[in-house]
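Undergrad: Residues per chain, in single letters:
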Amino acid sequence: MQNFTKYLKAKANIAEPEFQTLIKKIKVKHIPKGNVILRPGEVCQHSFFVESGLLRAYTVDTLGKEHIIQFGSENWIVVDRSSTFFNEPSDLFIDAIEDTDVVLIDPQFITQASEISASFRKYNEIALHNHIRHQQKRINLLLSASAETRYIKFIKLYPDLTLRVPQWMIASYLGITPESLSRVRKELAKKNFKQN
Amino acid sequence: MKTKNIEVVVAPREPHFVGDGFRVHNFIPSGYHLDMQRMDPFILLDYNSPYYFPPTDTPRGVSVHPHRGFETVTIAYQGKVAHHDSSGNSGIIGEGDVQWMTAASGILHKEYHEETFSKEGGYFQMAQLWVNLPAKYKMSSPKYQEITKSQINRFQLPNHKGEIEVIAGKYKDVKGAASTFSDVNMFNARLEEGAEADFNFPTTHNTALLVIKGKIKVNGDKTIGTDHFVLFENEGEQFHIQASDKSIVLLLSGAPLNEPIVAQGPFVMNSREEIAQAISDYNLGKFGYLED
Numbered sequence: 001m002q003n004f005t006k007y008l009k010a011k012a013n014i015a016e017p018e019f020q021t022l023i024k025k026i027k028v029k030h031i032p033k034g035n036v037i038l039r040p041g042e043v044c045q046h047s048f049f050v051e052s053g054l055l056r057a058y059t060v061d062t063l064g065k066e067h068i069i070q071f072g073s074e075n076w077i078v079v080d081r082s083s084t085f086f087n088e089p090s091d092l093f094i095d096a097i098e099d100t101d102v103v104l105i106d107p108q109f110i111t112q113a114s115e116i117s118a119s120f121r122k123y124n125e126i127a128l129h130n131h132i133r134h135q136q137k138r139i140n141l142l143l144s145a146s147a148e149t150r151y152i153k154f155i156k157l158y159p160d161l162t163l164r165v166p167q168w169m170i171a172s173y174l175g176i177t178p179e180s181l182s183r184v185r186k187e188l189a190k191k192n193f194k195q196n
Numbered sequence: 001m002k003t004k005n006i007e008v009v010v011a012p013r014e015p016h017f018v019g020d021g022f023r024v025h026n027f028i029p030s031g032y033h034l035d036m037q038r039m040d041p042f043i044l045l046d047y048n049s050p051y052y053f054p055p056t057d058t059p060r061g062v063s064v065h066p067h068r069g070f071e072t073v074t075i076a077y078q079g080k081v082a083h084h085d086s087s088g089n090s091g092i093i094g095e096g097d098v099q100w101m102t103a104a105s106g107i108l109h110k111e112y113h114e115e116t117f118s119k120e121g122g123y124f125q126m127a128q129l130w131v132n133l134p135a136k137y138k139m140s141s142p143k144y145q146e147i148t149k150s151q152i153n154r155f156q157l158p159n160h161k162g163e164i165e166v167i168a169g170k171y172k173d174v175k176g177a178a179s180t181f182s183d184v185n186m187f188n189a190r191l192e193e194g195a196e197a198d199f200n201f202p203t204t205h206n207t208a209l210l211v212i213k214g215k216i217k218v219n220g221d222k223t224i225g226t227d228h229f230v231l232f233e234n235e236g237e238q239f240h241i242q243a244s245d246k247s248i249v250l251l252l253s254g255a256p257l258n259e260p261i262v263a264q265g266p267f268v269m270n271s272r273e274e275i276a277q278a279i280s281d282y283n284l285g286k287f288g289y290l291e292d
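So the protein sequences, as listed, match chains A and B. Each residue of the first sequence is one higher than the one before, starting from 1 at the first, in full-length UniProt numbering. Each residue of the second sequence is one higher than the one before, starting from 1 at the first, in full-length UniProt numbering.
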C-alpha cells in the first residue's frame with residue numbers, strides 16, 4: 001500500500017492521526033493478469049487505486065469491437081462513476097492487463113475522509129475538476145484532432161504504455177485503426193530518426 | 001594462485017516464453033544472489049534449454065521492440081534465428097554462431113525463427129545475454145556483429161578431448177572474435193567425457209558458468225548438472241572443470257563497470273532521467289522504424 005499511503009499523505013496532505021483512522025478502512029486486492037473485475041450490468045462498489053500493475057476500462061460494441069476508455073497504471077484511479085456513485089448497472093468492463101494490486105476505495109471512504117480532513121476534501125474537489133478537464137480534452141481530441149495529435153497527447157499522458165501494451169490497444173484508446181497508428185509512428189520516425 | 005570457489009549453484013527456474021519463440025529459464029537478473037549488479041556487466045541471462053517447436057508456416061519469435069544502453073548477445077546451440085533491425089542490419093544465425101548486437105543509442109529489432117527451421121520444426125536451444133555498456137558508450141552508434149562458427153577461434157585441449165571456443169576475451173593465447181566495449185570473456189567449452197580445463201580470471205571480475213549440456217565437476221568435488229548455473233566468488237583466480245559426460249559449458253567473466261544501473265523494460269541506463277529520455281525518444285520515432 002506504499003503508493004496509496006504516499007498519495008494520501010503527500011497529495012491529499014492528510015495528517016498522521018487522520019491517516020491512521022482512514023487507513024483501517026482500506027482493503028487491498030491482487031488481480032492476476034487477464035482477470036475481469038467489472039462486467040457490464042454489474043454495480044461496482046469501489047473505485048480502484050492502482051498500487052502496481054495496469055488496468056483498463058473498456059466497452060464492447062454490438063459488433064464485438066473493444067473501445068478502451070481508460071488505462072490505469074500506478075497511482076491512477078479507475079472507476080465507473082455512474083455505477084459506484086449513482087448505483088447504476090455498469091456499461092464497462094474493467095480488467096487487468098498485468099498482474100495488478102489495487103486499493104479498493106468505497107464511496108463511504110471518500111465521504112468520511114472529506115468529513116475528517118479539510119485538506120482531503122479540497123484535494124478531492126481539485127481531483128474531480130482535473131478528471132472532468134481531462135475528459136473534456138479527450139472528447140475534443142476524439143472529435144477534432146488528427147491521429148498524430150492524438151498519439152502525441154497519449155505518449156505525454158502515458159509515456160511508458162507503448163512498452164507495456166500492444167499497439168492495437170493504443171489504437172483502440174485513440175479511436176483509430178492499428179494501421180493508422182503504424183502510419184503515424186512511421187511518419188514520426190521519418191521526421192525524427194537520424195542515423196548515426 | 002588461489003582457487004576460485006563456488007559462491008552458489010542456481011537450479012533452472014520454471015521456464016517462461018519471450019514472445020512465442022523463446023522458452024527460457026531466466027538466471028539474471030533474479031533477486032537472490034543474481035541481481036544486475038552482482039554479475040555486472042552481464043545484466044541479463046535467459047537460457048532456452050533444448051525445446052522442440054513443431055512445424056509452422058508462421059515463424060515464431062519476438063516482434064519489433066526497442067533497446068538502448070547495452071548489447072544483446074545470442075549464442076545458438078540448436079535451431080536458427082533471423083534478426084532484423086532499424087539500422088538496416090539483418091542476419092541469420094544457426095548452430096555454433098553468435099550474434100552480438102550493440103543497441104547503444106537505440107535500435108528497434110525483431111527476432112524470429114528462420115523460415116525453413118520454422119517450416120520443418122525442430123529442437124531450439126539458445127542463450128541470450130545482455131552485456132551492459134559503460135556510460136560513455138551508451139549513446140554511441142548501434143552496431144551488429146554476426147560471428148559465424150568458423151570465425152570463432154578455438155583452443156584445442158590435449159588428446160582431442162575438446163576445445164574452448166573464444167567468443168570474446170582471451171583464453172590462454174587464443175583471442176575472441178567479438179569486439180567489446182569493456183573487459184569481457186565469453187567462452188564455450190566443448191568437452192569430451194573426462195576432459196579437463198583450467199580457467200583463470202582476476203578477482204576483480206565477476207565470473208559464472210552455465211552447463212549447457214552434460215555434467216561437470218568443478219574444482220574436483222562439486223558436480224554440476226545440465227541447465228545449472230554456477231556463480232563464483234570474486235576471491236581467488238583459478239578454477240578447474242572436468243567433464244563427467246560429454247559436455248558444453250558457457251563461461252562468463254567480466255570486469256564490472258561499477259556504474260549506476262537503472263533499468264526499465266528494454267532500456268538500461270545510469271539514471272531515471274536517462275530512462276525517461278529513452279522512452280520519449282522511442283515514442284517519437286528516434287530509434288527509427290521497423291515493419292513487423
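Since the hints were derived computationally from the structure, they do not count as laboratory data. Bear in mind that the values here come from a model prediction, so they are computed numbers and not experimental data. Check each hint, because a few of them may be wrong.
Heads up, incomplete: computed chain B residues facing chain A, CB under 7 Å, no partners named [what the hints assert, rightly or not]: (1) Tyr-144; (2) Lys-222; (3) Gly-265; (4) Gln-277; (5) Ile-279; (6) Leu-284; (7) Gly-285; (8) Gly-288.
Okay, derived cross-link-like pairs now, SDA-like style, lysine to any residue, Cα gap no bigger than 25 Å in a straight line [as the list claims (entries may be wrong)]: (9) Lys-286(B) to Ile-152(A); (10) Lys-194(A) to Leu-290(B); (11) Lys-191(A) to Asn-89(B); (12) Lys-110(B) to Phe-93(A); (13) Lys-286(B) to Phe-85(A); (14) Lys-286(B) to Phe-4(A); (15) Lys-186(A) to Pro-29(B); (16) Lys-194(A) to Ala-11(B); (17) Lys-286(B) to Pro-166(A); (18) Lys-186(A) to Lys-149(B).
Quick reminder that beta carbons are idealized off the backbone N, C-alpha and C, glycines included.
Undergrad: Sort out which numbered hints this structure fails and list those numbers smallest first.
TA: Numbers 1, 2, 4, 12, 13, 14, 15, 16 and 18 - these are the hints that the structure violates, sorted from lowest upward.
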